Amino acid sequence: MAYVPVPVTKPRGVAMARSKAVGKALVSRSVMAPLAAIVVFVVLWELLVQANGWPDYVMASPSDLPPAYARYWDLFLVMGWQTLWRTVVGLVLAVVVGVALGMIMGFSRLMRDALYPLLVGFNAIPKATVVPIVALMFVGAHDFNTILIAFMISFFPIAVSISIGLSTLEPEYRDILRALGASQSTIFWKIALPKTLPEFFGAMKVAVTLAFIGTNLMEIVSPHGRGLGALFDSGKTNSDYPLMFAVLIALAVLGILLYYVVVALEKIFAGWAERTPT
Amino acid sequence: MTAMIEIRGVRHAYQTADGPLQVLDGLELTVDEGGFVAVVGPSGCGKSTLTRLIAGLMKPDAGEMLLHGRPVQGPRSTVGMAFQNPVLLEWRTILQNVMLPLEIVPAKTPRRQQEERARYLLSLVGLDGFEDKRPSELSGGMRQRASLCRALVHQPEVLILDEPFGALDAFTREDLWQTMHRVKENEPFTGVLITHDLRESIFLANQVVVLSGRPARTQYVLDVPATGPRDLEHLYTAEASEMLTVLRHQIEVAQGRAPAEDTATPAPPPGSAAQGMQ
Ligand SMILES: Nc1ncnc2c1ncn2[C@@H]1O[C@H](COP(=O)(O)OP(=O)(O)OP(=O)(O)O)[C@@H](O)[C@H]1O
Ligand SMILES: [Mg+2]
Chain A
4 MAYVPVPVTK PRGVAMARSK AVGKALVSRS VMAPLAAIVV FVVLWELLVQ ANGWPDYVMA
64 SPSDLPPAYA RYWDLFLVMG WQTLWRTVVG LVLAVVVGVA LGMIMGFSRL MRDALYPLLV
124 GFNAIPKATV VPIVALMFVG AHDFNTILIA FMISFFPIAV SISIGLSTLE PEYRDILRAL
184 GASQSTIFWK IALPKTLPEF FGAMKVAVTL AFIGTNLMEI VSPHGRGLGA LFDSGKTNSD
244 YPLMFAVLIA LAVLGILLYY VVVALEKIFA GWAERTPT
Chain B
51 MTAMIEIRGV RHAYQTADGP LQVLDGLELT VDEGGFVAVV GPSGCGKSTL TRLIAGLMKP
111 DAGEMLLHGR PVQGPRSTVG MAFQNPVLLE WRTILQNVML PLEIVPAKTP RRQQEERARY
171 LLSLVGLDGF EDKRPSELSG GMRQRASLCR ALVHQPEVLI LDEPFGALDA FTREDLWQTM
231 HRVKENEPFT GVLITHDLRE SIFLANQVVV LSGRPARTQY VLDVPATGPR DLEHLYTAEA
291 SEMLTVLRHQ IEVAQGRAPA EDTATPAPPP GSAAQGMQ
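If you're matching them up, the sequences are chains A and B in order.
For the first sequence, the numbering used here assigns the number 281 to the last residue and increments by one with no breaks.
For the second sequence, the numbering used here assigns the number 328 to the last residue and increments by one with no breaks.
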């Protein structure tokens, strides 16, 4: 059975009362600071457009966005959901395949030597060139296409992080269990896997962004597509700049959401790797 | 007294890119039940290799390795190991770390008793109160103490220590020597201690084995008369300094820095402190 690390819930080595106060200050700072940054950004954007007197077919301003959302709100919900679930499914696939590949390469020197150049070459192909090929190959199968691209673009960092984590495990870690007659799989579940979790989540932060980009590429390129990418494309076709900008903002929000879900999972499963700054 | 570990004419070579590297060549070692043998020798001569052979992590190319009269076929749960690197699992508490071997070794006692034993060992090495701390909250010496408890928790017949105090500062190391004596008094294991500290070897062991340079043979065996816990002052007696002089000379011979003929003194009468091999 897998040993699931217990989440570290309290900052270490600090008196409880003080740690609460510090925690509160940190939370309010970590929430207030980015909020303030966003407000400043929006105000500057609005001022820039107003000062130059740009019409909304040159550059949309923040004040154009609420009407765009109001007009297409139902579409935003439907398309946003499509983008979200296809990204997540692609990412889950990438985790399954990436971890499997990483394990194969991490445990076998031979497989690492054999597979690594192949993977690097595969990863080096700009995915923008693969997107039209896949879109044509499985024309009409929107969900399949999109998930495939999201997967293809994001499994590489996961595979690499797992294989490096496993192959750089100090031999003593293996030996303390192996000397007692533990099997390879016991060593994997009890030591190797938990020990690679910090690297795995580092890779996940990259992979989640990549998968999201992959999904959107496919949605924009494939004809009669779905998702926020298709909504963006229709905005482009109709020169509806406020809609295009509204989609961009929605994408940013979804991207942030996905990223922080990974951060939250990391806190739960690999929080032990975090050191309190001294 | 019966022999717990018997090693006769063991040879071992590693297969490297530049061909086989002969590491052990005709090694002889006998450790009586309940005995504590220190193994010293030049760096890279094959001491860690020897520990891996005793633990059953590797098979020798030739020669006999007996544990309790039976040939070593592979890893056994009757062995405990600790290394220079304490290799504690950062996502577990100290108590959970100490109890790790019990998750591999078939349980001999009910769980409650196992936990009691783990807590008892922690208090024996002076770590009471740290059961629920994480390894990152402990100093290097404390981690090494915890690692020692983990090596002992499943009541091994043989305890293998590969330079366990090597990375510690002098004061911490001397402190741990005293701890080691306390542990040895309370636990019935047979010990093999790899060390590069000659004072440590005569302070802890009842026999010191000097290995020659690579490929390693047994070059010299020294019996230490004193037994049981003792003060550090013991290292400054005439007897101790005589033993240290002999050992230092043997190390120089092993390193090839002193001529070997000095050791070819006539075999000392039985029962004397020092006896040359071959
Ligand atoms: N897995 C391996 N493959 C190839 N060569 C190895 C391997 N492990 C050790 N060696 C070589 O075997 C020799 C003995 O290694 P070993 O680790 O047993 O030495 P040691 O006596 O423990 O050294 P130290 O005192 O520095 O710890 C060294 O020359 C080392 O380079
Ligand atoms: Mg060594």
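It cannot be assumed that every hint is accurate.
Reference listing, derived: stretches of chain B covered by chain A, where coverage requires no fewer than 3 residues with Cβ under 8 Å from a Cβ of chain A [said to hold, decoys possible]:
| id | region |
| --- | --- |
| 1 | 62 to 73 |
| 2 | 132 to 140 |
| 3 | 150 to 162 |
| 4 | 223 to 232 |
Treat the hints as calculated values from the structure; they're not laboratory data.
These figures come from a predicted structure and were not determined experimentally.
Glycine included, C-beta positions come from ideal geometry on N, C-alpha and C.
Now for the hints, and whether the structure bears them out:
Counting residues of the region 62 to 73 of chain B whose C-beta lies closer than 8 Å to any C-beta of chain A gives 0; at least three are required, and the coverage claim is violated. Beta-carbon proximity to chain A at under 8 Å applies to 5 residues in the region 132 to 140 of chain B; the threshold of 3 is reached and the given coverage holds. Against chain A, the region 150 to 162 of chain B contributes 5 residues with a C-beta closer than 8 Å to a partner C-beta. That satisfies the three-residue criterion, and the hint holds. Residues of the region 223 to 232 of chain B with a Cβ under 8 Å from some Cβ of chain A number 0, which does not satisfy the need for three, so the listed coverage is violated.
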